[in-house]
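Novice: Model the full structure from these sequences, guided by the hints.
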Amino acid sequence: MRKDSPLYIFMFIILISIFFGVAISAVHFLTLPMLKKNESLHKNRIITQAFMLEVEKDTPEAYQTVIDEKIRRDTVRVGNEQMEILTNKDTKEVGFVFDGMGFWEPISGVIVLDDDLENIVNLKILEQKETPGLGARIEEKWFTNQFKDLNVKWQAAKDKKIIIGSTASTDKSNVVDAITGATQTSMALMRMLNEDLAKFQKYREEI
Amino acid sequence: MADTPKNIFLKGLWKDNPIFRQVLGICSSLAVTNLLANTLFMAVGVIFVTALSNLTVSILRNHIPNRIRMIVQVMIIASYVMIVDIVIKAVNPDIHRYIGPYVGLIITNCIIMGRAEAFASQNRPWHSFLDGLAMGLGYAFVLIAIALIREPLGFGTLLGYDLPAREIWWHQWTIMVMPPGAFFMLAIITWISRRLQITAEEEQE
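In order, the protein sequence lines correspond to chains A and B. Here the working numbering is used: the first residue of the first sequence is 1, the next is one more, and so on. Here the working numbering is used: the first residue of the second sequence is 1, the next is one more, and so on.
In case anyone wonders, no lab produced these hints; they're calculated from the structure. Given the structure is predicted, the values throughout are model-derived calculations rather than measurements. Treat the hints with care, as some may be off.
[What the hints assert, rightly or not] Listed next, the in silico DSS-like pairs over lysine-lysine satisfying Cα-Cα at most 25 Å (straight line):
| # | chain 1 | residue 1 | chain 2 | residue 2 |
| --- | --- | --- | --- | --- |
| 1 | A | 129 | B | 89 |
| 2 | A | 70 | A | 3 |
| 3 | A | 57 | B | 89 |
| 4 | A | 199 | A | 158 |
| 5 | A | 158 | A | 172 |
| 6 | B | 15 | A | 43 |
| 7 | A | 89 | A | 57 |
| 8 | A | 43 | A | 92 |
| 9 | A | 70 | A | 36 |
| 10 | A | 141 | B | 89 |
| 11 | A | 92 | A | 199 |
| 12 | A | 89 | A | 199 |
| 13 | A | 129 | A | 148 |
| 14 | A | 37 | A | 57 |
| 15 | B | 15 | A | 124 |
| 16 | A | 36 | B | 89 |
| 17 | A | 129 | A | 92 |
| 18 | A | 3 | A | 124 |
| 19 | A | 158 | A | 124 |
| 20 | A | 37 | B | 89 |
| 21 | A | 57 | A | 70 |
[What the hints assert, rightly or not] The following label-pair restraints were derived from C-beta to C-beta distances:
| # | chain 1 | residue 1 | chain 2 | residue 2 | range |
| --- | --- | --- | --- | --- | --- |
| 22 | A | 90 | B | 104 | 40 to 48 Å |
| 23 | B | 114 | A | 40 | 37 to 45 Å |
| 24 | A | 105 | B | 161 | 30 to 38 Å |
| 25 | A | 68 | B | 10 | 42 to 50 Å |
| 26 | B | 199 | A | 134 | 39 to 47 Å |
| 27 | A | 36 | B | 70 | 31 to 39 Å |
| 28 | A | 114 | B | 168 | 42 to 50 Å |
| 29 | A | 11 | B | 92 | 38 to 46 Å |
Even glycine gets a Cβ: it sits at the ideal position worked out from N, Cα and C.
Specialist: Written out as C-alpha cells, the structure reads:
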C-alpha cells in the first residue's frame, strides 16, 4: 500500500491513536489510587484551613483525624442538586463546598460562615485552573483574606449577596476587590458564590 | 564535526543549547524558575518528553505519511506530555498545582517539535534519543542555573529550606520572584555562555 494513499493515512492515524490512547489510559489507571489519595488529602487540608483548625502534622492521617473529630459532613439535596454542608462541632460555624465554571475550567472552594450566618469566616479555593498570574491569583491570601468578616446580604438580589468588584452602592460591607486583569475570573467566582449562597439559603429555609 | 553520539550529546548540552543558542523554550524557562523544586520537575518532564518523542518519531519515520507528519509528531508529543502530567499529579500534587499549566504547555515547547522535525525524522533511533536527551538536559541545565539564583535571592531558600543568610543579612529581592527577574537572569546567563563559546572558538582558530 502506498504511504500517501488515503487508506494508509487513515489506518496509520487509527493505529497510532489506539496505541497512545491505551498507553495514557494504562498510566492513568495505575496512578488512580495515588490521585484519589492526593485529592482526599488536598480537600481535607483546605477544609481544615477554611475552618482554621490546627493540625499537628502534615500527613493524610493527621488531617483525617482532625476532620473526623471536629467537622460534621452532610450531603444534602437542594432542588435537583447536591450540596456538601460542613459544620464545626465545637463553634457551630457552617461551611459548604461551592463550585461553578471559571473563565477556563471549573473552580471549587470552601466557604465558612459564622454560627449566626451573618458574616463569612473564611474562604479557600479547592481547585482552579485559571490563567497563571491573573485569574489564578484567586487562591492567593491577599484575595481570599478580603472575605474574612464580609457581611452576606441574604435579603439582596440573587446575584448581589456578595459583590466582587465595583458597585454603585455606598454600603461596602459585602464588597471585595476584583483582580486587576482577571475580570472574567472575578465575575465567575462572584456568580458561583452567589448561586451557591442562594442554594444554601434555600436549604436553611427548608429545614 | 561528525555526528557521533558524543558530538550529538555535546551539541545539545552546550554548542547548540536550546535556550541560549537556539533561543527556544523561553516561555517555560521564565515561568517555572522562581523555585528550584518546580524547575526540577519541569526539567525532568521536558527531558522525558524530548527524548521519548524523538525516539518514537525516529522509529516511525519510514512509516509516517509525509503529508500528516506534523500532526503525528504533535500527537506523539501530546501523549507523552499527558503521561508526564498524570505522573506529576500523582507523585507531587502540590507542585502540579503550581506548574500544571506549564506542563500542558510542554506540547507547544519549540524545542521538542523542532528536534522531532529537524533531527528525529531524519536520523536513527539511538542518535535521535540521544539528541532529545541532550537537548532536554541542555534546557534543564540553564533552567536550574536560573533557579539557583532566583530562589535564594527571591525567597532566601533553596529547595524550600531556609538558607543561613536569611536570618543574618538577607533582604528579599522581590524582582527575582517576578517574571522580570527571570528575564534578567536569562539574559545574563545567555551573555556569559555566548562569551565563553566565542572565546573557545577564537582560541581554536
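Novice: For each hint, tell me whether it holds in the structure or not.
Specialist: Do the hints match the structure? See the list:
1. Between residue 129 of chain A and residue 89 of chain B the CA atoms are separated by roughly 14 Å; this keeps the pair inside 25 Å, and the hint holds.
2. Of the pairs offered as hints, the one joining residue 70 of chain A and residue 3 of chain A is violated, with about 66 Å between alpha carbons and a cut-off of 25 Å exceeded.
3. Pair hint residue 57 of chain A plus residue 89 of chain B holds up; C-alpha atoms about 22 Å apart against a cutoff of 25 Å.
4. A C-alpha spacing of about 10 Å is found between residue 199 of chain A and residue 158 of chain A, which places the hinted pair at or below 25 Å, so the restraint holds.
5. About 17 Å separates the Cα atoms of residue 158 of chain A and residue 172 of chain A, which keeps this hinted pair within 25 Å; it holds.
6. Simply put, residue 15 of chain B and residue 43 of chain A have alpha-carbon atoms about 47 Å apart, too far for the 25 Å limit, and the pair is violated.
7. Under the criterion of a C-alpha separation no larger than 25 Å, the hint pairing residue 89 of chain A with residue 57 of chain A is consistent with the structure, at around 21 Å.
8. Proposed proximity of residue 43 of chain A and residue 92 of chain A is supported: the alpha carbons are some 20 Å apart, at most 25 Å.
9. Distance hint between residue 70 of chain A and residue 36 of chain A is fulfilled; the C-alpha atoms sit about 23 Å from each other, no more than 25 Å.
10. For the given pair, residue 141 of chain A sits about 23 Å from residue 89 of chain B by alpha-carbon distance, which is consistent with the 25 Å threshold.
11. For the hint linking residue 92 of chain A to residue 199 of chain A, the alpha-carbon distance of about 20 Å falls within 25 Å, and the restraint holds.
12. Between residue 89 of chain A and residue 199 of chain A, the direct Cα distance comes to roughly 22 Å. Compliance with the 25 Å bound is thereby established for this hinted pair.
13. Taking the CA atoms of residue 129 of chain A and residue 148 of chain A, the gap is near 23 Å; set against the 25 Å cutoff, the hint holds.
14. Taken as a hint, the residue 37 of chain A and residue 57 of chain A pair is honoured in the structure, with Cα atoms around 17 Å apart against an allowance of 25 Å.
15. Note on residue 15 of chain B and residue 124 of chain A: the hinted pairing is violated, with a Cα-Cα distance of about 48 Å set against a maximum of 25 Å.
16. For the hint linking residue 36 of chain A to residue 89 of chain B, the alpha-carbon distance of about 10 Å falls within 25 Å, and the restraint holds.
17. About 32 Å separates the Cα atoms of residue 129 of chain A and residue 92 of chain A, which puts this hinted pair outside 25 Å; it is violated.
18. Between residue 3 of chain A and residue 124 of chain A the alpha-carbon distance is near 55 Å, which puts this suggested pair outside the 25 Å criterion.
19. Distance hint between residue 158 of chain A and residue 124 of chain A is fulfilled; the C-alpha atoms sit about 22 Å from each other, no more than 25 Å.
20. As the CA atoms of residue 37 of chain A and residue 89 of chain B are separated by approximately 11 Å, the hinted pair is consistent with the 25 Å bound.
21. A C-alpha spacing of about 16 Å is found between residue 57 of chain A and residue 70 of chain A, which places the hinted pair at or below 25 Å, so the restraint holds.
22. As the Cβ distance of residue 90 of chain A to residue 104 of chain B is approximately 42 Å, the hint placing it in 40 to 48 Å holds.
23. For residue 114 of chain B and residue 40 of chain A, the hinted distance range of 37 to 45 Å is satisfied, since their beta carbons lie about 41 Å from each other.
24. The beta-carbon spacing between residue 105 of chain A and residue 161 of chain B, approximately 33 Å, falls within the hinted interval of 30 to 38 Å.
25. Checked against the hint of 42 to 50 Å, the C-beta distance between residue 68 of chain A and residue 10 of chain B comes to roughly 58 Å, which is inconsistent with it.
26. In this structure the supplied range 39 to 47 Å holds for residue 199 of chain B paired with residue 134 of chain A, their Cβ-Cβ distance being about 42 Å.
27. Checked against the given bound of 31 to 39 Å, the beta carbons of residue 36 of chain A and residue 70 of chain B, roughly 37 Å apart, stay inside it.
28. At about 43 Å, the beta-carbon gap between residue 114 of chain A and residue 168 of chain B stays in the expected band of 42 to 50 Å.
29. A beta carbon spacing of about 39 Å between residue 11 of chain A and residue 92 of chain B agrees with the range 38 to 46 Å that was offered as a hint.
Hint compliance for this structure: hints 2, 6, 15, 17, 18 and 25 are broken, all remaining hints hold.
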